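Peer 1: In case you want the letters, here they are:
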Amino acid sequence: EPEVTQTPSHQVTQMGQEVILRCVPISNHLYFYWYRQILGQKVEFLVSFYNNEISEKSEIFDDQFSVERPDGSNFTLKIRSTKLEDSAMYFCASAPGVTGELFFGEGSRLTVL
Amino acid sequence: KQEVTQIPAALSVPEGENLVLNCSFTDSAIYNLQWFRQDPGKGLTSLLLIQSSQREQTSGRLNASLDKSSGRSTLYIAASQPGDSATYLCAVIQDTDKLIFGTGTRLQVFP
Numbered sequence: 001e002p003e004v005t006q007t008p009s010h011q012v013t014q015m016g017q018e019v020i021l022r023c024v025p026i027s028n029h030l031y032f033y034w035y036r037q038i039l040g041q042k043v044e045f046l047v048s049f050y051n052n053e054i055s056e057k058s059e060i061f062d063d064q065f066s067v068e069r070p071d072g073s074n075f076t077l078k079i080r081s082t083k084l085e086d087s088a089m090y091f092c093a094s095a096p097g098v099t100g101e102l103f104f105g106e107g108s109r110l111t112v113l
Numbered sequence: 001k002q003e004v005t006q007i008p009a010a011l012s013v014p015e016g017e018n019l020v021l022n023c024s025f026t027d028s029a030i031y032n033l034q035w036f037r038q039d040p041g042k043g044l045t046s047l048l049l050i051q052s053s054q055r056e057q058t059s060g061r062l063n064a065s066l067d068k069s070s071g072r073s074t075l076y077i078a079a080s081q082p083g084d085s086a087t088y089l090c091a092v093i094q095d096t097d098k099l100i101f102g103t104g105t106r107l108q109v110f111p
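Those protein sequence lines, which keep their order, are chains A and B.
Each residue of the first sequence is one higher than the last, beginning at 1 in my numbering.
Each residue of the second sequence is one higher than the last, beginning at 1 in my numbering.
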């Protein structure tokens, strides 16, 4: 069964460092998303991406964040200068249509020291 | 602003019981509602998607209902098993394509 895959599963970084989280969405899906979950809190929307551009972003998704689909398969989230409060589980998701079912990856746990 | 709430926050039941998990949302103008399962430290597994025009969806021992006008959805789990132990999340989509998640119900089924 097709699935969304994410790498790395866990990354530890120093505050101020750049981090890139990678995702391979399901191949025939057109909509791509990043969500995050701080330990013990709700899953929060970060950004949606369609047709090679951001379609919506949350207040959390400030200038330190960027997304890219560098080729036909990968979808990346970059955090330019990490802060302690960026420590969270980051989930990538994809969907075949705009209000269709979303499929999530296993997540990338980011720990900022 | 849409708020999604799940009750109870935690539930512990013996194996074999039928369960009802509740999800409520403040704005009834939704496109669909999706139920997920999350195991500790893991990703979100989609269980059921209910479109706004539907009243319920079934998958195996799971049945989810949707009452848009009252802002409620329930997830019914029949004949619970220890393997059902996980956190169950509901999420709604409105006029944008982002999911708004509830706080989750942490379920433990003991043998």
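Treat the hints loosely; a few may be bogus.
Claimed, not checked - BS3-like cross-link-like pairs, simulated, lysine-lysine; straight-line CA separation at most 30 angstroms: (1) K1(B) / K57(A); (2) K57(A) / K42(B); (3) K83(A) / K68(B); (4) K1(B) / K42(A); (5) K57(A) / K78(A); (6) K78(A) / K68(B); (7) K68(B) / K57(A); (8) K42(B) / K42(A); (9) K42(B) / K1(B); (10) K1(B) / K83(A); (11) K68(B) / K1(B).
To be verified - Partial selection, computed: residues in chain A whose CB lies under 7 angstroms from chain B: (12) V43; (13) N52; (14) E56; (15) K57; (16) F61; (17) D62; (18) F65; (19) G97; (20) V98; (21) E101; (22) G105; (23) T111.
Calculated from the structure, these hints are not laboratory results.
Quantities reported herein were computed from a predicted structural model and do not represent experimental measurements.
Ideal Cβ placement from N, Cα and C applies to all residues, glycine included.
Peer 1: List, from low to high, the hint numbers that the structure doesn't satisfy.
Peer 2: The structure breaks hints 3, 6, 13, 15, 16, 17, 18, 19, 23; every other hint is satisfied.
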